[in-house]
Amino acid sequence: MHRIIRNIRVMDPGDGFDAVTDLAIADGRIVARRPLPTDFTAEEVLDGSGLIACPGFVETSFQAHTPGHGRDGDLASELCAAVAGGVTQVLLRPDTQPMADTPAVLQEQRVLADRLALAKVHLSGAFTSQLQGAALTEMASLAEAGAIAFGQAKEPVPSAALLRLALSYAADLGLPVLLHGEEPELAAHGVMHEGRLSIRLGLTGRPAAAEQIGVQRDIAIAALSDCPIHFPHLSTAAAVAEVAAARQRGEPVTCGVSIHHLLLTEQDVGFFNLHAKILPPLRSTAERDALRHALATGVITAISSDHSPWGVDREGMTFTQAPFGIAAVEWLLPLALRLVDEGVVDLMTVLSLLSVGPAQALNLPAPSLAVGATADLCIFDPESYFTVEPARQWSRGRNLPYGQWELRGRVRYTLVEGRVVFRG
Amino acid sequence: MSATTFRFGEGNPQYDAQGRLRHLLSTEGLRERELLQILDAAESFLSIAHRSVKKTPTLRGRTIVNLFFENSTRTRSTFELAAKRLSADVLNIAVSTSSASKGESLMDTVNNLMAMQVDGFVIRHPEAGAAHLVARHLGDSALVVNAGDGQHAHPTQALLDVFTIRRLAGPIEDRVVAIVGDVLHSRVARSQIHALSILGCPEIRVIGPRTLVPEELSALGVHVYHDLQAGLRGVDVICALRLQRERMESHRLPSLDEFHRRFGLTPERLQWAEPGALVLHPGPMNRGVEIASEVADGAQSVILQQVAHGLAVRMAVLTILAGAAGGE
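Chains as they are written, first to last, in the numbering used here: chain A, 1028 to 1451; chain B, -9 to 318.
Treat the hints as calculated values from the structure; they're not laboratory data.
Quick reminder that beta carbons are idealized off the backbone N, C-alpha and C, glycines included.
Partial pick of chain B residues on the chain A-facing surface, computed with a CB cut under 7 angstroms:
1) Pro3
2) Ser95
3) Met97
4) Glu117
5) Ala118
6) Gly119
7) Ala120
8) His122
9) Leu123
10) Gly140
11) Gln141
12) His142
13) Arg177
14) Glu206
15) Ala209
Simulated DEER-style distance windows between Cβ atoms:
16) A:His1320 / B:Gly288: 57 to 67 angstroms
17) B:Ser131 / A:Ala1393: 50 to 60 angstroms
18) A:Phe1044 / B:Gly211: 54 to 64 angstroms
19) B:Ser131 / A:Arg1450: 41 to 51 angstroms
20) B:His241 / A:Leu1251: 23 to 33 angstroms
21) B:Gly224 / A:Gly1325: 53 to 63 angstroms
22) B:His241 / A:Pro1185: 11 to 21 angstroms
23) B:Ser131 / A:Ile1175: 45 to 55 angstroms
24) A:Asp1253 / B:His241: 36 to 46 angstroms
25) B:Asp79 / A:Phe1351: 37 to 47 angstroms
26) B:Ala209 / A:His1320: 19 to 29 angstroms
Make the full structure from the sequences, and use the hints.
Following this line, the structure appears as structure tokens:
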């Protein structure tokens, strides 16, 4: 299929290109920017006036409950949500049911993902058996079954000794490891940030120090093994500072942040608002501002939606019972544009944090819109304003605190290898 | 009302769209006049208790459900008696949390009872926010009184405490109040602090070891003390709290004896406070732990009056919430 997109503003954080041009796409690749070859004929011509094309987004933390029971979403519903959000590549989290700690689970995920042919699905294997941090998984077999990374989802590895061995074992395979840095006993039973509001509500808190200590320890142990590690969702200034220091020393450590930690604070928990219950928890305004600063200075290199859908069953649970998570992958770009509107970072940087940064952390080829690049694109209208209606989203998750938020930047088209997988 | 029609984050859920008090979930955020209205109504109900006919027809034809997911003697029986003296029909349901965790969710239990056309719920639950959850789902269709949710709130206990202080110690605007013991884990203490603040208490102190009284509590507008003698100096009212045995298992205290040695209320230590300072305790007491028997049964103790006041306050709360429902 040959396509031409005319008069579109192309913003490519890969090479900094930013101009209104035409794009020609054939055989899954970008074959030309203006001037188009005279002999290029297209089956479809899209009018890109007023729209922006950028590389499709890369989501490093994607829960699709596959395998799972389906009530909270499955690969089909959640990938529809992803492409509706301009996301063209996702890394499945290993905390499925059963967990992705055996090759059979990954093979099942592969078959289902290939059949759907929506966003590109990358698999991660559990870093430790049952994510419990007590035993190694068959990492080589998981890699053979398609894992491009190993992860702990939302579980720390309590034993420093086992973490050291597991990182050394993973280093042999050359794949990155995604860690949840948190000191487990200090954070035990915590359901929100430990601070003024947890005291008011009588809820058990997770102190910020637990994240700092966990990240500090994980970095020190990773330095013994030379294994690249990535923290996909940090929430505190102190933990980000640990990553910055490690990077200064030249260690292969990167970190990301969820869009929620950049926009919300512990105050959003209000009167037991389940929709603001996430892990790591929403922190103080000072922490949020520090995370924003770390985006601007380039210490944090990736923004994630940390997609964790939960269906209507969760709405009837108490704050303590309800599982952690927000499902908002389809609003990832409009939410991230708030950072542009609030002067935190410029648009090109946001697009980079959504695509280039996460791809780097996962050791994937750098997303690009250069000639010859794979045609994974998000095309959005930066000036289209809308109101978020949680009941009408593609995801089966109903757990998002953004209901009735006014946002801008609707995704109009998502292309994966030149195919239009979403039209908004 | 279905689970998907309400939205979180729309302000204090104990008020309806017109700003009327529809549920009593927490003393936090109550208006002073609402608090005074409850206390004044309780004064009139207190006198009813001394009549030979103790009933009023206020809630005739209404059904109140006492839905208790935790054990309780005092709170449950005074709520039951309060509803009965207001001529309501009362349904007592004690759900052991172990069976609830196996089967029906809290909201399913509530919805089943709603199908029986009940008018109000008095809910005690081991998890913070349980009563909020129910109130949000029910909206205007029934009243909800929080009878204790986890470590969050126990508003009627706090109301009866401030009622007791107002009656027996004089104006709250001139009284220094100290809360002694496991404040961190106490829903009673949280609700007391908010109620006292709203009523203009000039100084609220919390006293206990740092493991149970962390500095962060000052965010609630209280003065934090870790020394009983210093904390009791100049105090007019002492609220003791029940110390749970679990605090030993979670290593917050080395032993009950050591807690008593540092923070137990004994007749000698009572001398550190103002002469004649009142001693309150929400019950059930651990004699010889947070409070010595000589104090619990002594002249300055108002612990049994608290129970009598609890009945009147709960009658007042039910009457006012039912009135807001348009039944008066």
